[in-house]
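J.: Residue numbers (full-length UniProt numbering), protein chains in the order written: chain A, 1 to 421; chain B, 1 to 310.
Think of the hints as simulated: they come from the structure by calculation, not from any bench. Remember, it's a predicted structure, so these values are computed and weren't measured experimentally. Any given hint might turn out to be false.
To be clear about the criterion: a stretch of chain B counts as covered by chain A if any three or more of its residues have a C-beta under 8 angstroms from a C-beta of chain A, and this derived list gives those stretches [stated by the list, open to error]:
(1) 12-24
(2) 88-101
(3) 158-170
Result set (DSSO-like, lysine-lysine): computed pairs, CA atoms no more than 27 angstroms apart in a straight line [unchecked claim]:
(4) B:LYS123 with A:LYS10
(5) A:LYS330 with B:LYS13
(6) A:LYS330 with B:LYS67
(7) B:LYS112 with B:LYS176
(8) B:LYS107 with A:LYS10
(9) A:LYS10 with B:LYS100
(10) B:LYS176 with A:LYS10
(11) B:LYS67 with A:LYS10
(12) A:LYS330 with B:LYS127
(13) A:LYS10 with B:LYS112
(14) B:LYS87 with A:LYS10
If you only want the chain A side, here are some residues facing chain B, beta carbon under 8 angstroms, derived [as the list claims (entries may be wrong)]:
(15) ASP3
(16) VAL251
(17) MET256
(18) PRO389
In this text, a Cβ means the ideal position worked out from N, Cα and C, and glycines have one as well.
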Amino acid sequence: MLDFLMKDLKILWRDRSELLIIFLMPFVLMTILGFALNGVMSGSPGVITIDVAIVEKDQHEEGIQQFNEAVSSQSIPTQAQEALMQAAQQLSPNALLKNLINEELSDIVTLTEMTEDEANQQLAEQEIDTVLLIPEDFTYDTLQNMLLGEEVTSTITIRKGEHAHFESDIFQNIMEQFTDTMTVESAVAKVSGRGDSSDVEIESFVQEETVTDRDSVSSMEYYTIGMAVMFAFFISATMASKAYTEVNQQVVDRMMLTGIHPIYFLLGKGAAVIIMAVIQINILFILSTFILQSFQPFSLSIWLTTLLVTLCYATTIGAIGSLLVALTIKYGSNSISDAFAGGFVSVLALLGGSFIPTDGFPAIFQTIGNWTPNGMALRSYMLANQGMPIDSIVPYLFSLLAIAVVIFSISIMIFPQRRSK
Amino acid sequence: MLETHDLRKAFKKKVAVDDVNLYLKEGESVGLLGPNGAGKSTLISMISTLVKPTSGIVTWNGQDIIKQPNHIRPILGVVPQEIALYKELSAYENVKFFGKIYRLRGKKLEEKIQEVLELVGLKDRQKEVVNNYSGGMQRRINLAVALLHEPEILIMDEPTVGIDPQSRNYILEMVKKLNEEKGITVLYTSHYMEEVEKLCDRIYIMDHGKVIATGTKDELTGILSSEETIQLELDQSPQIFKKLLEEQENVLKVTEWEKGLTLIVSKNNRKLAHIFQLAEQEKVSIISVDVKVPSLEDVFLHLTGRRLRD
Ligand SMILES: Nc1ncnc2c1ncn2[C@@H]1O[C@H](COP(=O)(O)OP(=O)(O)OP(=O)(O)O)[C@@H](O)[C@H]1O
Ligand SMILES: [Mg+2]
Numbered sequence: 001m002l003d004f005l006m007k008d009l010k011i012l013w014r015d016r017s018e019l020l021i022i023f024l025m026p027f028v029l030m031t032i033l034g035f036a037l038n039g040v041m042s043g044s045p046g047v048i049t050i051d052v053a054i055v056e057k058d059q060h061e062e063g064i065q066q067f068n069e070a071v072s073s074q075s076i077p078t079q080a081q082e083a084l085m086q087a088a089q090q091l092s093p094n095a096l097l098k099n100l101i102n103e104e105l106s107d108i109v110t111l112t113e114m115t116e117d118e119a120n121q122q123l124a125e126q127e128i129d130t131v132l133l134i135p136e137d138f139t140y141d142t143l144q145n146m147l148l149g150e151e152v153t154s155t156i157t158i159r160k161g162e163h164a165h166f167e168s169d170i171f172q173n174i175m176e177q178f179t180d181t182m183t184v185e186s187a188v189a190k191v192s193g194r195g196d197s198s199d200v201e202i203e204s205f206v207q208e209e210t211v212t213d214r215d216s217v218s219s220m221e222y223y224t225i226g227m228a229v230m231f232a233f234f235i236s237a238t239m240a241s242k243a244y245t246e247v248n249q250q251v252v253d254r255m256m257l258t259g260i261h262p263i264y265f266l267l268g269k270g271a272a273v274i275i276m277a278v279i280q281i282n283i284l285f286i287l288s289t290f291i292l293q294s295f296q297p298f299s300l301s302i303w304l305t306t307l308l309v310t311l312c313y314a315t316t317i318g319a320i321g322s323l324l325v326a327l328t329i330k331y332g333s334n335s336i337s338d339a340f341a342g343g344f345v346s347v348l349a350l351l352g353g354s355f356i357p358t359d360g361f362p363a364i365f366q367t368i369g370n371w372t373p374n375g376m377a378l379r380s381y382m383l384a385n386q387g388m389p390i391d392s393i394v395p396y397l398f399s400l401l402a403i404a405v406v407i408f409s410i411s412i413m414i415f416p417q418r419r420s421k
Numbered sequence: 001m002l003e004t005h006d007l008r009k010a011f012k013k014k015v016a017v018d019d020v021n022l023y024l025k026e027g028e029s030v031g032l033l034g035p036n037g038a039g040k041s042t043l044i045s046m047i048s049t050l051v052k053p054t055s056g057i058v059t060w061n062g063q064d065i066i067k068q069p070n071h072i073r074p075i076l077g078v079v080p081q082e083i084a085l086y087k088e089l090s091a092y093e094n095v096k097f098f099g100k101i102y103r104l105r106g107k108k109l110e111e112k113i114q115e116v117l118e119l120v121g122l123k124d125r126q127k128e129v130v131n132n133y134s135g136g137m138q139r140r141i142n143l144a145v146a147l148l149h150e151p152e153i154l155i156m157d158e159p160t161v162g163i164d165p166q167s168r169n170y171i172l173e174m175v176k177k178l179n180e181e182k183g184i185t186v187l188y189t190s191h192y193m194e195e196v197e198k199l200c201d202r203i204y205i206m207d208h209g210k211v212i213a214t215g216t217k218d219e220l221t222g223i224l225s226s227e228e229t230i231q232l233e234l235d236q237s238p239q240i241f242k243k244l245l246e247e248q249e250n251v252l253k254v255t256e257w258e259k260g261l262t263l264i265v266s267k268n269n270r271k272l273a274h275i276f277q278l279a280e281q282e283k284v285s286i287i288s289v290d291v292k293v294p295s296l297e298d299v300f301l302h303l304t305g306r307r308l309r310d
């Protein structure tokens with residue numbers, strides 16, 4: 001397989017002009033498109049929207065009241081008692097949670113308050129993506145846990161919609177982060193003996209926005225990612241057209257005659273596509289960062305997450321490449337990869353949100369878009385870029401890899417033993 | 001022994017190979033001769049397991065190699081009609097790549113590479129990119145790659161098409177040596193008479209997908225033993241003259257060529273004088289007359305009424 005890979009890379013390397021086009025074209029086009037559409041889009045484009053129904057069973061005020069009573073009954077100094085009560089007021093887990101969702105996650109999450117029955121019905125009707133159940137005594141139990149170190153647990157329930165499993169997963173991840181920080185917070189509170197560090201923990205998972213004119217930069221950022229995921233497809237097509245030359249020049253005949261298993265040939269092609277795609281996407285991101293300054297300030301964790309997304313997406317692109325190669329060889333024609341590059345990519349790009357965010361699309365298109373590899377990659381990049389924890393991206397990455405495995409297996413199955421014509 | 005039985009390949013509009021029977025004994029050198037579109041490439045692609053026949057079978061030592069192509073693939077050396085090389089890579093890189101997928105490794109690989117490059121006479125220029133080679137050199141590398149894994153049967157599809165006489169002779173000599181000294185079985189496709197005459201023990205002549213004649217060179221030219229070919233170079237378009245000639249009983253066949261007419265006449269009954277007489281009568285002046293011993297070209301002409309190459 002390495003032999004095939006090295007051969008393909010060597011051949012690509014010797015055609016510098018083509019290489020230059022592959023690597024720089026996306027940047028050029030993206031710059032043009034980004035500037036052209038800059039005015040069209042206002043606000044930061046929400047790639048992911050999670051519609052959440054919140055079912056409130058907690059009695060917030062009563063909870064605090066109850067907590068205060070519990071504190072009063074404890075045999076600790078009055079001063080400490082007052083500090084704890086004040087902390088409870090400030091911490092107010094319920095408010096904290098809603099604050100988190102309504103303000104920090106407003107780009108992604110829309111929260112609607114409902115009764116449990118309403119919520120369940122809407123979930124069934126796919127009006128909403130997920131239901132968040134705040135249990136009875138949430139405030140009271142959480143405060144006890146956090147400030148008094150009592151071993152009471154209060155469980156937030158998330159009811160996920162089948163139709164929106166990605167969204168639900170992401171939301172679940174965010175909520176898990178939240179409850180984790182609450183516990184961390186409680187540890188901090190206990191050590192310091194004060195309960196007023198409540199504003200610290202939100203930052204730990206929602207990036208502070210430091211870019212001042214984010215709105216205008218944002219559309220650039222969006223297009224950079226949109227173009228990156230779209231242009232990667234063309235590398236697959238390029239590789240297929242190389243394979244077409246190999247068919248025409250009867251080099252493929254030669255390979256078949258050696259009796260070598262096609263998996264090596266396809267793996268070589270796939271790996272070459274992966275490498276090219278990784279380079280292409282990184283060049284695009286780096287140029288955008290330095291020339292257009294379209295990305296937020298550098299942060300190692302964001303950069304690493306982004307790289308991980310790139311690797312997974314490139315793997316899918318590599319598999320698509322090997323599929324196109326196999327089809328090209330099977331039918332001895334490059335019309336399939338031409339059709340892919342000439343039309344199908346645009347459709348995928350549109351559905352996946354490369355050109356405009358898919359929010360405004362009919363639900364069915366949004367669903368399809370969510371399942372396109374580029375759509376998933378785009379969402380992953382956006383989440384990574386917003387500093388979301390890696391857990392929230394993992395479902396996408398697994399899906400990308402799963403798609404890659406399936407597509408690659410298909411390409412092995414259709415690779416012919418003989419010439420097609 | 002490699003054999004085909006009623007081998008046939010039909011494409012949508014055309015029967016490219018029409019029930020061909022041929023065989024190839026070990027150590028033999030066999031020529032496959034035919035004009036463009038005769039079906040040579042299609043036939044040998046089926047023999048080399050690259051194309052599935054519409055019907056008929058190919059066997060090697062009794063084994064069906066259509067069902068089991070892997071029985072024969074390892075001992076086949078196939079030289080495609082196209083330059084089946086990576087033009088962006090050097091000769092060395094090409095040979096090495098194919099050597100590797102033939103699972104040659106390390107020292108053995110390096111030795112084989114140098115051996116075949118030496119054989120085709122390109123050892124000195126192995127580092128150059130194939131694109132920069134002349135047609136003849138490309139053909140030679142094309143051949144070199146097919147020899148890497150020491151095949152027992154070498155199948156060549158017009159390995160000398162469109163190249164300079166020097167490279168052509170080089171390749172011919174090389175193939176002759178491989179056949180005679182190493183005992184490699186050769187199936188050589190061409191539309192050059194001279195090559196096949198020089199190189200091959202036996203010859204199949206194909207036209208329109210069919211084998212129309214087969215045998216040794218002598219056997220084939222024997223078909224014409226009772227006939228002779230007279231080639232006339234004329235100064236003008238000879239339609240009426242041609243008609244008149246066709247009416248002569250000793251003239252068996254009249255065909256046109258660029259500069260005049262070719263006649264096939266019964267031996268010992270040339271009646272050249274009579275032909276001159278007719279020419280004078282028609283005011284056609286004969287520039288030259290050539291009476292020829294039959295060649296394979298003439299055999300082809302005789303069998304099909306056409307020349308091998310237009
Ligand atoms: N894949 C194909 N599809 C349809 N027709 C084909 C195909 N391959 C060959 N043919 C037809 O079959 C006939 C025989 O072709 P083939 O290439 O075998 O001839 P050839 O003797 O090798 O000719 P040449 O000297 O030009 O190489 C031709 O008429 C050709 O057009
Ligand atoms: Mg041919």
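J.: Which hints from the list above does the structure break, by number from lowest to highest?
T.: 1, 3, 10, 11, 12 and 18
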